[in-house]
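Listed here are the chains, written in short residue letters.
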Amino acid sequence: MKLDELRKRIAEELNVDPACLIGNAGPGTLAEWDSMGSLGIISVLDSASRGSITSEEAEQLVSFDAVVSLARKKGILED
Amino acid sequence: MTQAVIESIAVYLPERVVGNEELARTISRWSAADIFQKTGIRERRFAAAGECSSDLAIGAARKLMEEGRMNPAEIDYVIFCTQSADYALPASACLIQDRLGLPTACGASDVNQGCSGYVTGLSLSKGLIVSRQARCVLLLTGETYSKYINPRDAAVATLFGDAGTATVIRAREETDAGIGEFVFGTDGRGGKNLIVPAGGMRKRRTPQTAQETTDSDGNTRSENDLYMNGRDVFRFAISEVPRTYRSLLAKTGLAPEQLDYLILHQANKYMLDQLVRRLELPKEKIPYEFEDIGNTVSNTIPIVLERLLKRDTLHPGQQLMLIGFGVGYSWAACTVRWA
Chain A
70 MKLDELRKRI AEELNVDPAC LIGNAGPGTL AEWDSMGSLG IISVLDSASR GSITSEEAEQ
130 LVSFDAVVSL ARKKGILED
Chain B
-10 MTQAVIESIA VYLPERVVGN EELARTISRW SAADIFQKTG IRERRFAAAG ECSSDLAIGA
50 ARKLMEEGRM NPAEIDYVIF CTQSADYALP ASACLIQDRL GLPTACGASD VNQGCSGYVT
110 GLSLSKGLIV SRQARCVLLL TGETYSKYIN PRDAAVATLF GDAGTATVIR AREETDAGIG
170 EFVFGTDGRG GKNLIVPAGG MRKRRTPQTA QETTDSDGNT RSENDLYMNG RDVFRFAISE
230 VPRTYRSLLA KTGLAPEQLD YLILHQANKY MLDQLVRRLE LPKEKIPYEF EDIGNTVSNT
290 IPIVLERLLK RDTLHPGQQL MLIGFGVGYS WAACTVRWA
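Residue numbers (our numbering), protein chains in the order written: chain A, 70 to 148; chain B, -10 to 328.
Each hint can be trusted.
Each pair of labels, with its calculated beta carbon distance range:
id, chain 1, residue 1, chain 2, residue 2, range
1, B, Asp262, A, Gly97, 25 to 31 Å
2, A, Lys77, B, Pro79, 56 to 62 Å
3, A, Glu74, B, Arg141, 36 to 42 Å
4, B, Glu170, A, Cys89, 43 to 49 Å
Don't read these hints as lab results, they were simulated from the structure. The beta carbon of each residue, even a glycine, is placed where N, CA and C say it ideally should be.
Between the sequences and the hints, there should be enough to build the whole structure, so can you do that?
Here it is in structure tokens:
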């Protein structure tokens, strides 16, 4: 998927405006990115990667940049 | 050929009802409405101070006896699945044998397993029966997770409830009904993500283990309390449960449309919603039964079965798949053709 699609899907899970999801946006800057929000992000990435997100990778999802980085690593994002 | 057939099920819930309003008074950052929105749970039952997991299981077994659905004299083996046993030793199942008046010729074992425990118990029961070691097994579940939980840990205090169940499984010949095939899984790397760190032999309880700390999410607990890494438990479940479902379909040759019910461990609404999205079944085939009782660990699946029976929506000949998953990490799935 394209970056905009990933942003849109995660925005839907967090119930935020996609425009909020840039760079360092994360649990510290978005109230909606709480423990439940984290589950939604994991769900999006798990679905897109067909269940290949590891425990260690899930722990690293602390910003939108980190989410994008993992999505690229998993081949979820098209260039 | 001998089949192991689920013959009867009863449920016992402790009296004390703990609603979200009560929890919200301790978990100050969440309202009662927040708790329901996040978990899908309105209330749960907590065992009384002197009430143990065996008491809950015995409560369920006595219901079966009072209703004429279990004759203690016929029980060859009692299996008690619990993670909050009465004592480190002896096995609570031995004490249950005495309290229920089961024959001294019957075997008795505890199984220390959680959310996959009922399905695990079905596999052990079937094994005893088809190997002709037993003709009639009493499978009990009983759980008092409430006694492990720090009320200021929202991650767990809002989810778990206590309960006990009793299931009679009997040998039957010349039938195509019964407990079918199984798929199991274990990943001990996940053990640390749902654990009571102190109190076993690895780490004894001390004044130090009783020291409370508050994590970055605002949840407070000590090492004597239940800890859950909800994020990783969720990641594990949404990854493994669909795989297990497909694996068991392949093993049995069943098509999804041949299932009348897929009964999942009732972890919480969010988890079930995510799993339903990933599975190939209409939502009406996947029961939700947790709003009034919470996550009762190994009790959840038999509680769903009992409620379907009470509503007269589970009938002989129907094809079920049961999937338990969670603490360990451990998971187990089986098919059942209802008798």
